[in-house]
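**Student:** If you want the building blocks of each chain, they are given just below.
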Amino acid sequence: MATVMTIDPVTRIEGHLSVKIEIDIVNGVQQVTNAWATGTLFRGFEKLLTGRDPRDAQLITQRICGVCPIPHGLAAVNTLEDAYNVTVPDNARIMRNLVLAANFVQSHILSFYHLSLPDYVTCPAMLPWQPAWKGDMRIDATKSTAMVNNYLKALDINRKIQEMGAIFGGKTPHSPAYIPGGFTKVPAAADITKARSYLAEIVSFVENVYIPDAEYLAAKYSDYHAIGAGSRNLLAFGVFDLDQWGNTKLLKRGMVTDGSTSVMAVNTGAITEDVTNAWYSSPSGLNPAQGETVAAHPKGNAYSWMKAPRYAGEPCETGPLARMWVNGDYRRGISAMDRNLARAYEAKKIAKALDGWLAQIRVGQPSYLKAAAAATGEGIGLTEAPRGALGHWLSITSSKIGRYQVITPTCWNASPRDDRGTLGPIEQALVGTPVKNLTEPVEVMRVIHSFDPCLSCAVHMVRPDAPEQVMVSVQSRT
Amino acid sequence: MNVSRRDFLKYCGMTAAALGLSANDLLGLKEALANPNGPTVLWLQGAGCTGCSISFLNRISTAAPKTAGDLLINSVNLAYHPNLSSLAGDAVVDVISQAYTKGNYVLIVEGAVPTAFGGAACFAWSYKGVDKTFRDAVTMLASRAAKVVSVGTCAAFGGIPASGGNPTQVVSVATATGKATINIPGCPPHPDWIVWAVSQILLNKAVTLDTFGRPTALYSKKIHDVCPRKGTGEVKQFGLATGCLKELGCKGPSTKSNCPTLKWHNGVNWCIGASAPCMGCTEPTFPIANPFYKNV
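First to last, the sequence lines map onto chains D and L.
Residue 242 in the numbering used here is what sits at position 242 of the first sequence, and the numbering runs on without skipping anything.
Residue 48 in the numbering used here is what sits at position 48 of the second sequence, and the numbering runs on without skipping anything.
Hints may contain errors.
[Said to hold, decoys possible] Restricting the straight-line Cα-Cα distance to at most 20 Å, the calculated cross-link-like pairs of lysine to aspartate or glutamate (DMTMM-like) are:
(1) D:Lys436 - L:Asp90
(2) D:Lys134 - L:Asp94
(3) D:Lys249 - D:Asp329
(4) L:Lys128 - D:Glu440
(5) L:Lys66 - D:Asp156
(6) L:Lys246 - D:Asp53
(7) L:Lys294 - D:Asp53
(8) L:Lys263 - D:Asp191
(9) L:Lys294 - D:Glu81
For the record, the hints were derived by calculation from the structure and aren't laboratory data.
Using the sequences and the hints, build the whole thing.
**Tutor:** Shown next, in the form of structure tokens:
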């Protein structure tokens, strides 16, 4: 006899997520047999962006998310530069990479220590870490204490990583330095020296603390290499341009189906968003370049504010595992624990690139070239946030934003069912997850956290000129 | 196995050297564990982006609490924070309910309060299958709070979700709850501003507020009045290392904060220090409808 339960709030993520799961006994094992992921916050960024000067986009869109604002800033300026047909000076490209890299490494450390670790380790007996679920804690007291100490040390490291980024970016969250045409900051030799002074400690923490802890966890919880596989399709737009055209990147663009080692090129024309199970009455299956969004609630069996992004009709996972797999750096497997490991190894790969990038900055060379703004045009900006592939789509009309669409990594990952009823990646990953104790579904939390969800990003937005038809009633959200 | 406070301290003592904990760290922990009845704090997130919490975690100072961890371990009992709490679902709502019943807690709210669609553009939780809108949750929790702090421009004034026609009809926490709030605006606010407000409450000090509910101790001088670039010659192009940024759209002349003197990230930089014009993010008018930039 199946049990249905809702976990709301899912804590230790970014934003607002509700997960409903059906649990039953299959072949003698109590496990998740069905799952529904629901985004429970809607702000309407597209609507509020409409009519603004396009050059405001990177300032406003960063506020989609305060954990990963920098990728939005980068995607927005890339989108504008695509519409204006400009390339930026190398100094700008490099500083954009540096500030983005700081965001990635800080975010991955946060994800492991502050968001995921309490699922596995007994935390100190004080709020907010206690009360906690007690089940399935396999790490002894001494090692637990050491890992908890690393949790505290990680707060310190993250503060320092963000300091290093701010030398160029000004401040974070929400760096004002990203601007179409380049970067506001003019780098001096003293800036490079100061930034370099942070590197040893950051790289050492990633190599000698974070990775060993991640590997220790993977060894103690090795069964999670066979839990939480998800769709097994991996999508990466690629990130950290190593040349001015973005032809080479530190992490490549590409996609694979069903965990293949054969990497295919990405064609944005293959991206669609289904809305049958989302609270919108606008057409289903549109490419974001023609995207529409007319909110409608309640609606049939719809259960999420998130649309269902699909690539060639298939659900795709995005994130460190997808990037490292596409890049050929990690192919051990696809599972909850593989995500955690890939994230740690990616943090190291990015942290180690910082020194080389600092060496490439040319003091005295420009960081900004004024870009002639176009009165009309279209632009696409594809990049990566720590959690996965990020795309911005822009239409400029009469020098104003006519349409702005964003598909975020967590929209791919926490997507609801599509028009064919195929589950989204997190929903698929949850099916088959064992649940030993119905009152302590810690296994479910571990799978969800392996995706490092960021829900502020995931919820969709409203097309500017669509009729205002948003009606929501407070019913139970099935 | 639940690690008791006594056990935790014992393990820390035994392995202090290996864990790199200094004598000061241990002392701090001793103090914390000796005071399990410190003030209770509930931290809620509504229509926001979590940027305020990330900024808070960047706290660093020579004055106690020196870090965010310091504050959380030594000074308060953080009964709920969506990004930090171990429990989830009904179990964590039980913890919130217990605090609510006891009353007299500090309620910190990050994010604006949507009111469109009966408040359903943002849900705080679901308990025993019944959804609670964020508006209802924050109103309920504010009613028994000793103090309510609106952290960030969204909670204080509506902020970015309130702009561009306010698609989900967000209001400030003060408007939604009908209670006076201490407003700590900024997008995000500097961690020192957040910590200062909490510290004043812990020390039972009265906080003088301006007409927008902002502490005058933090938001009194216009940025332009104390800006190191004032009077150095107004530049008309981006990408220069020096010069006043008024002709690039800088809102320093109309924005109150201590950013020029406090600076950000342990003093390494700030917006204008990166030659980026101030956006005016501590003001009730943020974000302005007109373009932020000139000469871009």
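**Student:** All hints are to be evaluated individually against the structure, with a verdict given for each.
**Tutor:** Checked hints:
1. D:Lys436 - L:Asp90: holds (18 Å)
2. D:Lys134 - L:Asp94: holds (17 Å)
3. D:Lys249 - D:Asp329: holds (14 Å)
4. L:Lys128 - D:Glu440: Holds. Lys128 (chain L) to Glu440 (chain D) sits at ~15 Å (cutoff 20 Å).
5. L:Lys66 - D:Asp156: holds (11 Å)
6. L:Lys246 - D:Asp53: Holds: Lys246 (chain L) and Asp53 (chain D) sit about 19 Å apart, inside 20 Å.
7. L:Lys294 - D:Asp53: holds (11 Å)
8. L:Lys263 - D:Asp191: holds (16 Å)
9. L:Lys294 - D:Glu81: holds (18 Å)
Comparing the model with each numbered hint stated earlier shows that all of them hold.
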